[in-house]
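Q: Model the full assembly from the supplied sequences, consistent with the hints where possible.
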Amino acid sequence: MSASRLTTGGSDIDRARPLSFTFDGRRVEGFAGDTIASALLASGQAVVGRSFKYHRPRGVWGSGVEDPNALVDVESAVGRVPNARATTVQAVEGIKVRSVNASPTAETDRNAVLDRFARFLPAAFYYKTFMWPDWHLFEPRIRAMAGLGIVDSDWKPRQVSDQVNHHCDVLVVGAGPAGLAAAASAAAAGHSVVLVDDRTHPGGSLRHRAGEVDGLDGKAWVETVVARLKSGGQLVLSDTTAFGLYDHNLVALNQRHSDGRPDTLWRVRPRRIVLATGAIERPVPFANNDLPGILSADAALSYLRRHGVLVGREIVVATNNDSAYEPASALAAAGASVTVVDCRREGGAQAGTGVRVLAGRMVAVARGRNAVQGVLLDDGTTLAADCVLVSGGWTPTVHLFSQAKGKLAWNDQLAAFIPGEAIEGIGVAGAVAGAVSLSEALASGVAAVDAFGSSSPAPRGSGAEATLGVVSLWPKPKAKGRVWIDYQSDVTAKDVELAARENFVSVEHLKRYTTLGMATDQGKTSNLNGLALLADITGRGIPEVGTTTYRPPFTPVPFASLVGSRRGSMHNPVRRLPLEANHRAAGGVFQEYGGWLRPAYYGGGEAHASIQEEARRARQSVALFDGSTLGKIEVIGPRAAEFVDFIYYNTMSTLKPGHCRYGFMLSENGVVFDDGVLVRLDEHRFIVSCSSSHVAAVHARLEEWRQDRFGRDAVYIHNATAQYATLTVSGPNARQVVEALDLGATLDDASLPHMGVAVGRFAGNEVRIARVSFTGDRSYEISIRADRAEVLWARMQQEGRAFDAVLLGLESLMILRAEKGYIVIGKDTDGTTMPHDLGVAGPRTKRASEFVGRRSLFTEAGNSTDRNQLVGLAVREGEAPLATGAYGVEKREGRPKSIGFVTSSYQSPTLGRPVALALIERGAARHGETIDIQHLGVVRQATIVAPCAFDPEGRRLHA
Amino acid sequence: MQLFPCPFCGPREESEFHYGGEAGNLRPDGRDVTAERWAGYLHMRDNPKGPTREIWVHLTCGEFFAMSRDSVNHKVSGSSVLGEAEHGA
Amino acid sequence: MHNLAEKWPAPLEWATATLSKGSVSVRTLGGLNQLLVSGDLAAWSKASGLAGEGVGAGAIASGDTYMVRIARDRLLAVGEQPFPIAAGWHAAGFAVTVMDAGLHVFEIEGLDMERLIARGTALDPGAASPSASILFAGVGVLFYRFGKSDRARLHVDRGLAPYLWQWLERAQVL
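Protein chains in written order, with numbering that gives the first Met the number 0: chain A, 0 to 958; chain B, 0 to 88; chain C, 0 to 173.
Simulated from the structure, these hints should not be mistaken for lab results.
Incorrect hints may have been included.
On the chain A side, residues computed to face chain C include the following (Cβ under 7 Å) [as the list claims (entries may be wrong)]: (1) Ser568; (2) Arg575; (3) Asn581; (4) Ala584; (5) Ala585; (6) Phe589.
Simulated restraints, written as ranges between beta carbons of each label pair [said to hold, decoys possible]: (7) B:Gly39 to A:Glu876: 48 to 58 Å; (8) A:Ala606 to C:Gly30: 34 to 44 Å; (9) A:Ser237 to C:Ala41: 48 to 58 Å; (10) B:His73 to A:Glu892: 20 to 30 Å; (11) C:Ala41 to A:Gly763: 29 to 39 Å; (12) C:Gly30 to A:Leu234: 38 to 48 Å; (13) B:Lys74 to A:Arg366: 55 to 65 Å; (14) A:Pro156 to B:Lys74: 30 to 40 Å; (15) C:Ala9 to B:Gly39: 14 to 24 Å; (16) C:Leu31 to B:His73: 49 to 59 Å; (17) A:Phe558 to C:Gly125: 27 to 37 Å; (18) B:Ser67 to C:Ala41: 41 to 51 Å; (19) A:Gly763 to C:Lys45: 27 to 37 Å.
On a predicted model such as this, the values are computed, not experimentally measured, just so you know.
Note that CB positions come from ideal geometry on N, CA and C, so glycine has one too.
A: In structure tokens form, the structure reads like this:
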């Protein structure tokens with residue numbers, strides 16, 4: 000191949016702005032406006048990559064998104080992009096471009112030898128051959144040899160991708176003649192318009208094919224229309240790919256930037272969509288049709304007119320339609336010697352001066368090793384050639400239409416699928432709709448908008464190709480040599496034949512068995528040839544074989560684009576405590592608990608020792624704890640008491656104002672969903688104090704039962720969790736510290752008993768004081784509005800100093816509550832635990848009124864006698880704590896069987912021994928029994944005891 | 000990304016909503032409900048292909064409502080506030 | 000134990016923190032009184048003397064006392080002065096909860112405000128929605144304009160304010 004840059008021409012490039020970059024370490028010269036592919040062609044680079052499987056040399060084939068071959072890794076100032084399409088990426092000064100799947104370079108790839116064994120490596124070869132003894136033995140080596148670009152494992156975003164939501168009346172995809180006509184017509188009708196095109200310059204075929212519109216040269220008309228759209232305030236996005244069309248007209252766009260910014264993701268919700276996505280030229284089937292130097296005819300014309308690149312000196316054009324004649328004539332006029340081999344007996348359109356036409360003949364074989372050197376025709380004629388252009392007809396780009404669940408219709412005249420029955424709100428125009436000539440394309444653009452209820456005259460156009468005149472030229476079974484169908488996946492006609500022989504005759508099976516159409520180009524050039532061959536082999540028509548399902552994305556989209564700013568710390572935002580700054584200052588080491596960032600322990604020392612020390616000191620005098628994450632959902636209204644009775648397993652309506660009660664909420668399947676304390680402030684107002692991590696879910700359930708059972712007026716649900724900080728004072732000296740805070744509330748046990756609630760004031764703000772304990776010691780939970788909590792927290796620490804108060808992180812609190820046998824839902828319970836498994840059987844048998852989950856407690860499973868029940872486990876003296884999650888096992892019929900598992904396990908510094916909670920089969924009736932506990936193959940013994948290991952009489956609650 | 004019409008807020012994106020089950024799945028009350036009836040309420044779903052009537056909740060405003068849509072082509076034909084047919088009061 | 004305090008940056012001093020770039024700026028609006036009101040909104044209106052149904056998403060509120068609509072039977076009353084109405088159940092048919100500290104308020108102002116909002120929500124700016132409660136940057140907020148078209152207010156759960164700030168900080172138009 001001897002492609003070269005001409006001294007003149009090239010509408011996309013700026014010869015005044017030369018640039019250079021490297022390809023496989025070699026310097027490549029180009030101009031601003033070049034794509035990497037056009038610069039490589041201009042520099043005579045024939046081999047630009049190696050194929051996926053056989054390491055065949057491959058060259059540039061197309062000029063846009065359809066190109067299956069020219070995949071490259073691009074390293075620039077902003078990072079490395081693997082598997083970039085050289086045909087769509089702009090050349091930039093100083094970038095480093097590397098071919099993929101080649102080592103050391105595309106031209107001298109050391110795995111090229113693989114191709115000699117190709118006959119032993121047909122489709123599915125790996126799975127058939129490497130079955131024994133184990134595919135995984137071979138996989139790493141094979142993966143290293145096959146594949147495409149290399150992911151940069153150190154990649155870090157320099158800047159997050161912008162993500163924009165946008166609304167408009169009409170979105171037009173594709174800024175070729177049809178799209179421009181549609182956009183102009185929509186704008187003229189007063190619609191807001193977004194026009195997107197995946198190229199740098201709008202215009203589509205008008206940028207490289209001859210044509211006049213409304214008396215203007217094609218390119219001039221394009222500029223006029225775009226300028227008018229922009230000045231009218233319409234949005235025109237270039238370098239932007241509409242890659243997905245989703246439900247209810249949501250279109251996702253990925254916009255590339257040339258200034259180093261990461262791509263922008265647009266989520267556009269237009270009222271109407273016009274798809275003017277054009278068509279993609281098909282390869283022509285002949286042996287070795289994948290050699291470098293074999294290009295799409297349209298791409299060759301595009302490189303000539305857009306980039307001033309002449310793709311060869313001695314060119315053979317293989318075609319079955321009229322559209323190849325303009326490239327042939329233009330290349331001849333540019334100085335190449337051009338022979339058209341037209342399979343049609345009559346030949347085709349008027350050939351230009353100097354173009355030789357051989358009608359009624361076909362190319363049978365391409366010759367050459369690393370680049371094409373000539374062709375052999377079906378009549379035995381040989382022609383020398385440094386470049387072969389192919390045009391096997393046009394495949395309409397129906398991807399987005401199909402993603403919108405549009406049905407395709409086979410069109411015999413075009414030998415292609417085009418959009419069938421119209422979809423509401425989506426119009427199609429131009430080549431995708433089968434409009435071949437320029438005037439048809441322009442008219443269809445306007446018509447697509449007219450269908451939305453406006454009316455305007457179409458621009459008048461005249462172009463070179465009035466008709467396509469295509470005859471079918473599909474790959475044939477039993478052809479000589481290797482005829483490539485899918486270049487990127489390395490699938491040949493023989494692979495398709497093999498698949499059919501092995502009865503993979505569904506097009507979806509063919510795809511998966513041969514990987515036809517499964518590469519990064521998703522078979523844009525290959526799918527139709529492949530299924531036409533399958534149709535031939537199986538004696539069916541092409542429409543009968545059908546297409547595989549089109550799914551987004553149309554072209555690969557960087558993950559960074561889809562992710563935007565939602566990564567790292569922003570991937571799943573945690574809630575933050577009102578006093579986080581204070582906890583940081585106190586050396587808090589933070590962890591995430593149920594969606595909140597909370598101090599695990601304080602002081603920043605070694606974790607285990609610090610946590611043990613906090614738990615030990617908490618039992619000695621007094622501890623301070625930030626419990627602000629506890630839910631505070633208000634239930635207010637005339638039927639509030641009746642409502643909470645239904646919501647809770649326990650009867651709550653008997654609760655007196657100024658008191659609180661512990662209870663369970665169940666799911667309808669009887670499983671304990673949440674536990675916590677319900678506060679009754681007055682007759683019509685309750686506060687549901689649910690688990691920190693369950694606030695949203697509990698809130699949603701309350702709303703659901705309210706609206707779906709009680710009626711909207713019965714009760715109202717207000718989530719006030721964020722309004723309050725809840726600061727807890729716990730321990731034998733808790734009351735003294737709270738007294739010292741001077742809250743203005745009477746704290747003696749008669750006025751404020753255990754489970755009593757009082758109201759006080761602190762520094763002018765109302766506070767709520769609840770005597771609720773999660774430690775087993777006398778405790779006061781003081782709730783204050785969150786923005787005033789800091790002063791109270793400081794005061795609590797100040798008053799606590801006299802009592803050697805300790806700050807409790809969440810980890811030491813977990814030890815304290817486990818000593819007491821207090822459970823954490825979801826940790827000490829699972830998706831089968833019912834309230835009677837936790838020792839709370841009273842309401843199940845006694846309650847007369849209805850409540851959530853009630854009936855499920857009396858099912859066969861609910862009544863079963865071998866349920867897992869909450870117990871404590873004691874280990875032998877001197878032994879270490881059991882592993883959380885370890886299984887209780889019992890031999891039954893000679894085999895070990897699980898009888899439950901350890902749910903919580905800690906070393907208790909106060910008791911000087913481990914404590915553990917577990918769910919064990921029939922556990923409640925087995926206290927005193929010793930069972931086997933198995934963990935990672937090691938079996939230990941533990942004795943079943945009551946869950947509460949510390950102060951079982953509960954004296955300390957009142958001490 | 001679908002657009003769902005909240006009866007109060009109007010059309011909003013799918014991500015603001017949560018599925019709440021098939022409409023008309025009335026809750027039978029009482030501990031004497033037969034096991035079959037209770038299992039039907041808890042577990043048995045029609046899962047229709049085509050037109051469906053479902054309960055959804057609009058998370059941002061908290062509205063539970065009934066929505067008619069097609070489970071094949073995802074067309075939404077309308078939504079309405081909860082009526083007697085949907086809840087088992 | 001890995002300290003996740005390193006993953007999430009320490010919260011800011013809200014009183015002084017501002018974000019500003021090009022023609023849009025963000026700051027915290029402290030000290031607003033906020034009441035969550037549910038129930039018979041006509042009865043509430045009568046009791047409070049506040050007329051209207053509250054602004055919906057993107058609509059313009061004004062004055063030193065106004066209402067933001069959340070749901071069919073729920074709104075947020077916002078005022079510079081404390082409301083002389085008790086929390087709890089009112090026999091006239093409405094429930095009141097104080098949310099002064101529970102909802103953090105960001106004020107976003109400038110010509111690019113609209114572009115910034117379009118980064119956070121898919122809500123159609125051309126279509127009115129009666130409720131100001133929307134999903135923004137993945138979290139629930141109340142969104143409305145205040146006083147003029149290029150000034151927005153976002154009320155967000157206090158615990159998520161640092162996240163929303165970080166999101167605003169990273170937004171390309173800010």
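Q: Against this structure, judge whether each hint is valid.
A: Going through the hints against the structure:
no.	hint	in the structure
1	Ser568	holds, 5 Å
2	Arg575	holds, 5 Å
3	Asn581	violated, 11 Å
4	Ala584	violated, 10 Å
5	Ala585	violated, 11 Å
6	Phe589	holds, 4 Å
7	B:Gly39 to A:Glu876: 48 to 58 Å	holds, 54 Å
8	A:Ala606 to C:Gly30: 34 to 44 Å	holds, 40 Å
9	A:Ser237 to C:Ala41: 48 to 58 Å	holds, 54 Å
10	B:His73 to A:Glu892: 20 to 30 Å	violated, 52 Å
11	C:Ala41 to A:Gly763: 29 to 39 Å	holds, 34 Å
12	C:Gly30 to A:Leu234: 38 to 48 Å	holds, 40 Å
13	B:Lys74 to A:Arg366: 55 to 65 Å	holds, 56 Å
14	A:Pro156 to B:Lys74: 30 to 40 Å	holds, 38 Å
15	C:Ala9 to B:Gly39: 14 to 24 Å	violated, 53 Å
16	C:Leu31 to B:His73: 49 to 59 Å	violated, 41 Å
17	A:Phe558 to C:Gly125: 27 to 37 Å	holds, 32 Å
18	B:Ser67 to C:Ala41: 41 to 51 Å	violated, 31 Å
19	A:Gly763 to C:Lys45: 27 to 37 Å	holds, 30 Å
Checked against the numbered hints above, the structure violates hints 3, 4, 5, 10, 15, 16, 18; every other hint is satisfied.
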